[in-house]
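Student: Chains A and B supply the protein sequences, listed in that same order. Following the numbering used here, the numbering of the first sequence begins with 1 at its first residue and continues without gaps. Following the numbering used here, the numbering of the second sequence begins with 1 at its first residue and continues without gaps.
If you are wondering where the hints come from, they were derived from the structure by calculation, not from laboratory data. Some hints could be false.
[To be verified] Below, in silico cross-link-like pairs of lysine-lysine (BS3-like), each with a Cα-Cα straight-line distance of 25 Å or less:
#, chain 1, residue 1, chain 2, residue 2
1, A, Lys26, A, Lys98
2, B, Lys41, A, Lys26
3, A, Lys26, A, Lys69
4, B, Lys41, A, Lys98
5, B, Lys64, A, Lys106
6, A, Lys98, B, Lys64
7, A, Lys69, A, Lys106
8, A, Lys98, B, Lys66
9, A, Lys98, B, Lys55
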Amino acid sequence: SQQGEEDPQALSIQEGENATMNCSYKTSINNLQWYRQNSGRGLVHLILIRSNEREKHSGRLRVTLDTSKKSSSLLITASRAADTASYFCATDAGGYQKVTFGTGTKLQVIP
Amino acid sequence: GAVVSQHPSWVICKSGTSVKIECRSLDFQATTMFWYRQFPKQSLMLMATSNEGSKATYEQGVEKDKFLINHASLTLSTLTVTSAHPEDSSFYICSATTHGSYNEQFFGPGTRLTVL
Chain A
1 SQQGEEDPQA
11 LSIQEGENAT
21 MNCSYKTSIN
31 NLQWYRQNSG
41 RGLVHLILIR
51 SNEREKHSGR
61 LRVTLDTSKK
71 SSSLLITASR
81 AADTASYFCA
91 TDAGGYQKVT
101 FGTGTKLQVI
111 P
Chain B
1 GAVVSQHPSW
11 VICKSGTSVK
21 IECRSLDFQA
31 TTMFWYRQFP
41 KQSLMLMATS
51 NEGSKATYEQ
61 GVEKDKFLIN
71 HASLTLSTLT
81 VTSAHPEDSS
91 FYICSATTHG
101 SYNEQFFGPG
111 TRLTVL
């Protein structure tokens, strides 16, 4: 299985601070994605980074990918209470290969 | 954007009964739909992949006779949990893709199943 492992498992920060969470995976990938899941809800797609990309930005989100280390990080800048959620990385080998989800990081942003 | 709905959003049933969960793509045709299961505080685990008009492909360890999947149209897939037991209590999430690549999936809001 190439399920990603994320760390930390849980993260608690003050509003306005930055939050960084990491994802490591085991096998070669084509794409890595980050999703957010609010408690008891479905997944919201945040960002996709391809294996030939090293960094990507979307609003307050910054994702990096290091394929040599098989790892990715998600940085949320200037966090808000509404960012409180679980964050999952998901990897795939492209085409018709299934997407495999990481273990998730539970982020709590304290107002 | 592409919207996927699930019905019901939550269901409570007695042990031994069967429960059907619907997954619909509202504004697009989904060539492939996926069913995931998520236990509390855990990640999503893929149960099966279904293509319209063909039999679902189940992941290792998932009983196909217990989790019946029907993908009868390009906008509807159903998951039936047969003879449900308390250990089947979980959060079931479906997703759908509009084209050949599996990486762009649109997720439903999930269904919370509680088996008493």
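Student: It remains to establish, for every hint, whether it holds in the given structure.
Tutor: Here is how each hint holds up against the structure:
For the hint pairing A:Lys26 with A:Lys98, the CA-to-CA distance comes to about 15 Å; that is within 25 Å, so the pair holds. About 22 Å separates the Cα atoms of B:Lys41 and A:Lys26, which keeps this hinted pair within 25 Å; it holds. Restraint check: the Cα-Cα separation between A:Lys26 and A:Lys69 comes to about 9 Å, which is no more than 25 Å; the hinted pair holds. Distance hint between B:Lys41 and A:Lys98 is fulfilled; the C-alpha atoms sit about 22 Å from each other, no more than 25 Å.
With a CA separation close to 32 Å, the supplied pair B:Lys64 and A:Lys106 exceeds the 25 Å bound. Restraint check for A:Lys98 and B:Lys64: the C-alpha separation of about 18 Å stays at or below 25 Å, so the hint holds. Proposed proximity of A:Lys69 and A:Lys106 is supported: the alpha carbons are some 23 Å apart, at most 25 Å. This hinted pair checks out: A:Lys98 and B:Lys66 have alpha carbons roughly 22 Å apart, not beyond 25 Å.
Distance restraint check for A:Lys98 and B:Lys55: the Cα-Cα separation of roughly 17 Å lies within the 25 Å cut-off, and the hinted pair is therefore satisfied.
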